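Trainee: In case you want the letters, here they are:
Protein chains: 2
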Amino acid sequence: MAPDTDAEDDASFPTDYEIADAAETEHIADVVEPFGLDREDLELHGEDKAKVRLDAIEETVAEHEADGKLVLVTGMTPTPLGEGKTVTTVGLGQAFNRIGKDALVAIREPSLGPVFGVKGGAAGGGYSQVLPMEDINLHFTGDLHALTAAHNLISTMLDNHIKQGNELDVAVNWVNWPRAMDMNDRVLRETVIGLGGDVTGVPREDGFILTAASELMAVLCLADSLADLKERVARIIVAYDGDGDPITVDDIDATGAVTILLKDAIKPNVVQTIEGTPAFVHGGPFANIAHGTNSLMADRLASHLSEYLVTEAGFGSDLGAEKFMNIVCRFGEMEPDAVTLVASVRALKYHGQDMWPPELDELEDEDVAAVERGFENLDKHVRNLQQFGVPVVVAINRFPGDTDAEVQAVVDHCEEDLGVRVSESTVFSDGGAGGEDLAEKLVDAAESDSDFEYLYEADVPITEKIETIATEIYGADGVEYHGDAEEDIERLTDLGFDDMPVCMSKTFHSLSDDPSRKGAPEDWTLEVTEVYPSTGAGFLVVLTGDVLTLPGLPAEPAAAGMDIDEDGTISGLF
Amino acid sequence: MAPDTDAEDDASFPTDYEIADAAETEHIADVVEPFGLDREDLELHGEDKAKVRLDAIEETVAEHEADGKLVLVTGMTPTPLGEGKTVTTVGLGQAFNRIGKDALVAIREPSLGPVFGVKGGAAGGGYSQVLPMEDINLHFTGDLHALTAAHNLISTMLDNHIKQGNELDVAVNWVNWPRAMDMNDRVLRETVIGLGGDVTGVPREDGFILTAASELMAVLCLADSLADLKERVARIIVAYDGDGDPITVDDIDATGAVTILLKDAIKPNVVQTIEGTPAFVHGGPFANIAHGTNSLMADRLASHLSEYLVTEAGFGSDLGAEKFMNIVCRFGEMEPDAVTLVASVRALKYHGQDMWPPELDELEDEDVAAVERGFENLDKHVRNLQQFGVPVVVAINRFPGDTDAEVQAVVDHCEEDLGVRVSESTVFSDGGAGGEDLAEKLVDAAESDSDFEYLYEADVPITEKIETIATEIYGADGVEYHGDAEEDIERLTDLGFDDMPVCMSKTFHSLSDDPSRKGAPEDWTLEVTEVYPSTGAGFLVVLTGDVLTLPGLPAEPAAAGMDIDEDGTISGLF
Numbered sequence: 001m002a003p004d005t006d007a008e009d010d011a012s013f014p015t016d017y018e019i020a021d022a023a024e025t026e027h028i029a030d031v032v033e034p035f036g037l038d039r040e041d042l043e044l045h046g047e048d049k050a051k052v053r054l055d056a057i058e059e060t061v062a063e064h065e066a067d068g069k070l071v072l073v074t075g076m077t078p079t080p081l082g083e084g085k086t087v088t089t090v091g092l093g094q095a096f097n098r099i100g101k102d103a104l105v106a107i108r109e110p111s112l113g114p115v116f117g118v119k120g121g122a123a124g125g126g127y128s129q130v131l132p133m134e135d136i137n138l139h140f141t142g143d144l145h146a147l148t149a150a151h152n153l154i155s156t157m158l159d160n161h162i163k164q165g166n167e168l169d170v171a172v173n174w175v176n177w178p179r180a181m182d183m184n185d186r187v188l189r190e191t192v193i194g195l196g197g198d199v200t201g202v203p204r205e206d207g208f209i210l211t212a213a214s215e216l217m218a219v220l221c222l223a224d225s226l227a228d229l230k231e232r233v234a235r236i237i238v239a240y241d242g243d244g245d246p247i248t249v250d251d252i253d254a255t256g257a258v259t260i261l262l263k264d265a266i267k268p269n270v271v272q273t274i275e276g277t278p279a280f281v282h283g284g285p286f287a288n289i290a291h292g293t294n295s296l297m298a299d300r301l302a303s304h305l306s307e308y309l310v311t312e313a314g315f316g317s318d319l320g321a322e323k324f325m326n327i328v329c330r331f332g333e334m335e336p337d338a339v340t341l342v343a344s345v346r347a348l349k350y351h352g353q354d355m356w357p358p359e360l361d362e363l364e365d366e367d368v369a370a371v372e373r374g375f376e377n378l379d380k381h382v383r384n385l386q387q388f389g390v391p392v393v394v395a396i397n398r399f400p401g402d403t404d405a406e407v408q409a410v411v412d413h414c415e416e417d418l419g420v421r422v423s424e425s426t427v428f429s430d431g432g433a434g435g436e437d438l439a440e441k442l443v444d445a446a447e448s449d450s451d452f453e454y455l456y457e458a459d460v461p462i463t464e465k466i467e468t469i470a471t472e473i474y475g476a477d478g479v480e481y482h483g484d485a486e487e488d489i490e491r492l493t494d495l496g497f498d499d500m501p502v503c504m505s506k507t508f509h510s511l512s513d514d515p516s517r518k519g520a521p522e523d524w525t526l527e528v529t530e531v532y533p534s535t536g537a538g539f540l541v542v543l544t545g546d547v548l549t550l551p552g553l554p555a556e557p558a559a560a561g562m563d564i565d566e567d568g569t570i571s572g573l574f
Numbered sequence: 001m002a003p004d005t006d007a008e009d010d011a012s013f014p015t016d017y018e019i020a021d022a023a024e025t026e027h028i029a030d031v032v033e034p035f036g037l038d039r040e041d042l043e044l045h046g047e048d049k050a051k052v053r054l055d056a057i058e059e060t061v062a063e064h065e066a067d068g069k070l071v072l073v074t075g076m077t078p079t080p081l082g083e084g085k086t087v088t089t090v091g092l093g094q095a096f097n098r099i100g101k102d103a104l105v106a107i108r109e110p111s112l113g114p115v116f117g118v119k120g121g122a123a124g125g126g127y128s129q130v131l132p133m134e135d136i137n138l139h140f141t142g143d144l145h146a147l148t149a150a151h152n153l154i155s156t157m158l159d160n161h162i163k164q165g166n167e168l169d170v171a172v173n174w175v176n177w178p179r180a181m182d183m184n185d186r187v188l189r190e191t192v193i194g195l196g197g198d199v200t201g202v203p204r205e206d207g208f209i210l211t212a213a214s215e216l217m218a219v220l221c222l223a224d225s226l227a228d229l230k231e232r233v234a235r236i237i238v239a240y241d242g243d244g245d246p247i248t249v250d251d252i253d254a255t256g257a258v259t260i261l262l263k264d265a266i267k268p269n270v271v272q273t274i275e276g277t278p279a280f281v282h283g284g285p286f287a288n289i290a291h292g293t294n295s296l297m298a299d300r301l302a303s304h305l306s307e308y309l310v311t312e313a314g315f316g317s318d319l320g321a322e323k324f325m326n327i328v329c330r331f332g333e334m335e336p337d338a339v340t341l342v343a344s345v346r347a348l349k350y351h352g353q354d355m356w357p358p359e360l361d362e363l364e365d366e367d368v369a370a371v372e373r374g375f376e377n378l379d380k381h382v383r384n385l386q387q388f389g390v391p392v393v394v395a396i397n398r399f400p401g402d403t404d405a406e407v408q409a410v411v412d413h414c415e416e417d418l419g420v421r422v423s424e425s426t427v428f429s430d431g432g433a434g435g436e437d438l439a440e441k442l443v444d445a446a447e448s449d450s451d452f453e454y455l456y457e458a459d460v461p462i463t464e465k466i467e468t469i470a471t472e473i474y475g476a477d478g479v480e481y482h483g484d485a486e487e488d489i490e491r492l493t494d495l496g497f498d499d500m501p502v503c504m505s506k507t508f509h510s511l512s513d514d515p516s517r518k519g520a521p522e523d524w525t526l527e528v529t530e531v532y533p534s535t536g537a538g539f540l541v542v543l544t545g546d547v548l549t550l551p552g553l554p555a556e557p558a559a560a561g562m563d564i565d566e567d568g569t570i571s572g573l574f
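So the protein sequences, as listed, match chains R and C. In terms of full-length UniProt numbering, the first sequence opens at residue 1 and continues consecutively. In terms of full-length UniProt numbering, the second sequence opens at residue 1 and continues consecutively.
With the rest of the complex left out, here is chain R:
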């Protein structure tokens, strides 16, 4: 989503679409050439989008050292206002290049589903966007479509297996592989399929999830080669048999065909920011039932190409950053050299408000006391990140309505109370120039000694992993297990899946598991309702409440206001 900034509301400030439309782009081959990728290394999709060939990645990795610094962008607990994490990520990439450091950006690629629901793209905003924003928010290079097809091929093969005799004894009430669609089509959440008699198969309950929520998306983003992708696909569990033994993609003979469908999707996409910084926009897994960051393939390639890679994790430090550290860095054998925590005056005021639901209008007026009451949320996120042993720089993403006194209060708090680096950023309005100070402070931080460590070892008991995150990151007093959660853990331990990291699915609206609690909630217990394995991705998903894996459209969907004229000019998309 583009941040909901005052600048956007200001009639004199151009819209994202106008800025993007006025931007001059270079041929994508010319954009990446200074970073060491030749035209032959690319598979062009038009002039401004390309995929990087797998053999080019292997060559780059073999020929160049992986000495690039990794800067992770995360945020405080998200508010409905938008804090501008993607904008900061894109702007920072531009800023690094402006201060003489070669830098690349890596962000997630958007899902088509949400585009038609609420207005706003997922390619940054203002003068810190990736281009071509229209294509990126629509079909882009087809990765999401390939994933949808691959996901549904598994479903088709499974139901066909059941219909053709069910030799594997698939338990039709224990199928764990729904169907997928990249569309916010809520009526598909719960369905009955296979009706119409013997010819069409065996009737059973089923449902659809958004493609971004498919385990295949997580697999694509964690695989480090085509061979690894295939191995991960093979071991995905799609159902259980009558004895409770797992049935995998490989058991239903779908590994090869599914991998074939993903052979291009695994190649990182490269585009450019509005200032010509190359940006990898590749993969977009959910940040609740999955790990929520762009592909390891893109990160891996970038670390061999530039001095700095700026990448983004979903939601706040409790979700995206925790998973980036404990899951992605572990699988990718990498570590962040510095972390930027994006904060905003408005988000602080939001967390400093006593009322629920919050009154967004109340946040417009200067209110330093409310900002200060919101510090407890910021502070907890800073401490969370410091637990991983990496230096933190707070980025105050300044919005036009923020007053100097409010911003100064945040700066003072960070420097004096927390003792962390802090910088005001105006990359939305000013592009890279608005992030130079932030970039300088990140260079300083990244070049200092860091002492990165995971929060837990992967081979400790499942409950210990969950409890470590609950108490040390979320601030809970402990964990309670409900429903079948304890049975799940016992079964997964028996199956030998207990040595995988855990992927927590928790509301992003609060550090706690109650979306209405702001700030840094205390005196509460995390309630775990289910634990299931994503064996292809390589983690155990821990549910702590209802997860919406297929959103719906609002009463007035953005799609209803979209148009395209006879020359192809689009309106209403952003």
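Check the hints yourself; a few may be wrong.
It does not matter which identical chain is meant; a pair holds if it fits inside one copy or across any two.
[What the hints assert, rightly or not] For lysine to any residue, the following SDA-like pairs were computed, each having C-alpha atoms within a straight-line distance of at most 25 Å:
1) Lys-263 x Glu-18
2) Lys-263 x Ser-429
3) Lys-263 x Asn-137
4) Lys-119 x Thr-463
Worth flagging that the hints you see were computed from the coordinates, not collected in a lab. Quick caveat: nothing in here was measured; it's all calculated off a predicted structure.
Keeping the supplied structure of chain R fixed, place chain C upon it in accordance with the hints.
Mentor: Then chain C, alone, in the frame of chain R:
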């Protein structure tokens, strides 16, 4: 499907994959350059695939005369053996260029669904293939995926409208817009959606169709510009209200967003044949509930670029060719200059067999008498085409097992009994060289006087249109209406839709509506069961039996035998 030729069974003859793999391709920009398209006119998808920009098409149309000759490829009644229509189309394009006539090829793009069912691609075969065959049979340039997304956006918007208050009074039991998937997933044919309570919407019966069966596919293939596409999308009927009045895509405010999703899919794709002939591979509508030929955009562009365009229609003369003449030529204001009717010795023997189901093994041995008994099927197809006033050339697609005596019997029959041009073609084994004689005869035919006319005027009553096709093309004695068919016709006439051409949905296995009847059945009556409007496409669909719009996978799906190695080499796809 690749033709099931003896050459393929012969261990010494290379497979399609081996031939494709050994072929040297040129950069697609170099392939089209001699035909007047510049690199700037293309949107590249890698080195060997491109889309043609819409403004380049407009420029070409404005600057060059549309003086290219149009050659349509059709066939006798299909048999399980495959007659090689696509192979002949591709081979003919190559042959024309060999005899000094600039020629382009235009064929349908394959649907992903069938690829995983039965082994065999849809890009020609042998030395008459279009390349890159793998990509074309997989995601290609994403057109099918864009159509799937656009189709399902309409479904989503419709069910969201119902959930959000149903202001238009949509009758939930009279929704005519199923969901779509490009996968042979039979359990989705009949479903119940919207379960799970008030939050997810209104439960109702629904079903999925293959993307190729979506009216949007027909719309894409009949639109002659982006503006026309948008107008056609707007008028598609998705449901009826409580009063029986149609509710359109425009009524649910989806026109703009759907057209945006199709803005790239409407641009024709260009690739090359194995001998470097440019081939438009664009659009692939069903040939039963739709018209079954590639896009008008591709045909229109090609007619301004080359001396000859070779294009293909689905199934036999009774289905694809009839629709090409009566629907496509009418909408596209074009006419064929010559038609090639593809026949094979084996297909003739099949139609000359007395047994049902036919014994395919029986067709292996020389049997001139069986060939001659099969002439009645060939003859009827020749007469069908002659009714449109266009010259016919019979192409005998020779398979290695055919004997000279068998082939000669067909040649003699065509020349002496029918008085039509005939040529033996070996383009599968020999590429363009194997079709030079056929090309020469088609030049001769195309340069002769033709007197093209539609079989019926669009503004005659619906029943008259149906009866004309039934009696003059199918050879029926008349038409009987069952179920609600008469009511449908009355209602459609009242709604003012009676001036559209009709699109007949009939089995392709027979000239009659009974798939078990071979040859040229007589003494039968066509049974019409339903008539419904495809207002976006601009025709009325006439059903004469069950139509399978979502196939299933066989017990041993081709997907189960597919693999890809760590270098990306695919096996089992063809």
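Trainee: Please write out, lowest number first, the hints stated earlier that are contradicted by the structure.
Mentor: 2, 4
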